[in-house]
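Each protein sequence line maps, in turn, to chains A and B.
When we follow this note's numbering, the leftmost residue of the first sequence carries the number 1, and every step to the right adds one.
When we follow this note's numbering, the leftmost residue of the second sequence carries the number 1001, and every step to the right adds one.
Calculated directly from the structure, the hints in this document are not laboratory data.
From the three backbone atoms N, C-alpha and C, an ideal C-beta is built for every residue, glycine too.
A few of these clues could be false.
Covered stretches of chain A (chain B as the covering partner; in silico rule of three or more C-beta atoms under 8 Å from a C-beta of chain B) [said to hold, decoys possible]:
1) 12-19
2) 27-33
In silico SDA-like pairs for lysine to any residue, Cα to Cα no more than 25 Å straight-line [to be verified]:
3) K47(A) / D1321(B)
4) K47(A) / V27(A)
5) K47(A) / A1371(B)
6) K47(A) / A1319(B)
7) K47(A) / L21(A)
8) K47(A) / L36(A)
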Amino acid sequence: MSAVGLEDGRRAENRWLIGGLVAVAIVFVGQLAGGLVRADEPSYLAKVETCLTERSTAFDAMVGDPVALSADRGALRTSVGGNGVTVALGGSESDARRIFGDYEAVGSPGARLEQRRKVVFLWDQPPTGEQRDFMVLCTLDAQE
Amino acid sequence: MRSVCGGTTLTARSSAVASVALLALLAFLALRNAFTYPSIGGYDAQEYITYARDVAERGALPPNGVGAYYTPPGFMAIAGLMGSLGRALDMRDPDHLGQLVAAVSVVATGVVVFLLARTLWPRRPVVWLASVGFYSFFPIVLKTGAMFHPEPLGMLVTAGAMLVLALMVRGEAYSWKLASCLGVLLGLGQLVRAWSLWMVAVAVVVLATVAILDRTVRRSALRAAAVALALAVIVPLPWYVHQATRYSNPVFDRPQESGFLLSRRPLAFYVDAGYPDIVFRPWQGHLNDRFIGVLYSETWGDYFGIWAWGPGRGDRTDAIDASLVRQSVLGLLPTALALAGLLSLLGLAVARPREDVARLIVVLPPLAALASVLYLGVAYPTSDGDTVKGTYALAAVPAFALCFGFAFDVLARRRFVGLALALLLGVSALAMLPFLVW
């Protein structure tokens, strides 16, 4: 190929690659914008509340428990099969570990206290398998 | 021969040396992973192991409709023999030798990627190195290469066919010898993985395009296409006959939903990548019914939990989540460059067809593989995205790597862009290394 042909080929490659990059950028920006304008996701606490509501399980806002109230993603009180439980949603595993440690430090919760990744449960009584499974299921999103 | 990259010149020799170094690293990782990754850890591994053992020890294919009965026996026969060897050697897990077949295939394909780049762009050493670099650090390659899985061997055979096709087009040599070689490889590919059927179409389209555009080689190109096509049919024929006499479809006989194909999935499945989940929550449970999101997350990270988390590793933790998010972020730039390279080569192939027909050899495989994965995901919808996997498009990775190499080379003509990209991608590759080691 002559020098002129070579230069022409290089220019064509540059042009087409810039076109390709622009097309990809448009797709990326479109996806980004689509994600941003999509309806805001409910909070993790709201997702747990929705799950409880769908399963006809009453819950209350958290009051009077400074440890639970310090959880990054919030906390609530509910009762499963007659067994009351405080559900604290940590913002991270380390936040959940801190909550877990605080509960251990202020009492002897033993089997009443559990941690599932970012979620901490403090039961009034040691939970049955069924009660535990119920709460684990309703906090799946918040665990991650 | 020199290319400019980041204001420095890259000679053919230094590009080759750096490529060999990358391939050596790839070989180390692939071989190590083959012996550390659990043999039953990969996709459908138990079915494949049973299949391979039955083929090697009893000469028996899976009973009607059982296990991976729709998978051709090429890989199973080789991996099964390796497993038998492992048992003869009294290995603790003899099936690791089956994984070794996949690992060696991955490394050999890396060599073919280098040869392909050098054949297609003989005067552009930057393309060679960038293509090999992309291939070596593309997570889906090492992930699948660690598994007891036929896909890497299928990728090697398909890449071999691409190389022969490239040699034919570049050398304008449509001899019986090369055509036969191409046909046999196309046939063998179908005996390893049914996906490689698209490579037959790619070869025919490329040779037909040569015949249309170049009168001087029209006759020999058409003859080569006919020979290759005939062999691509004859070599796997016994397998297809075996399947056709037992099942309703010799390739894949699973029943499909009724209704128009494209209406089986919502519009969002096709067009919505699922941001922000695709970056910040790239794991199963999110991105349901999002083709691009699942494909990207499985390719760059571990959407299905078979590598960084799941049965072999345990439940996800914050640290694992962070590594998956990091993978998704690190994959954005190389994916964008490879896609831009693909689009630009496609544009050039269409707008300036006579200039270089060989561009089609790079452009068509990713498009064909994407179409086949999309078809599978749409024809056989599952709620968990199980039929959408980058693994199914593995055979197109060498071509995708070449698209990346081309884009990088064109951008690297500008001094600062080349330097910045090289640094950024080099750091990205290093950051990705821990994920690639099992």
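Outcome of the hint check:
| no. | hint | verdict |
| --- | --- | --- |
| 1 | 12-19 | holds (count 6) |
| 2 | 27-33 | holds (count 3) |
| 3 | K47(A) / D1321(B) | 20 Å, holds |
| 4 | K47(A) / V27(A) | 31 Å, violated |
| 5 | K47(A) / A1371(B) | 37 Å, violated |
| 6 | K47(A) / A1319(B) | 24 Å, holds |
| 7 | K47(A) / L21(A) | 39 Å, violated |
| 8 | K47(A) / L36(A) | 20 Å, holds |
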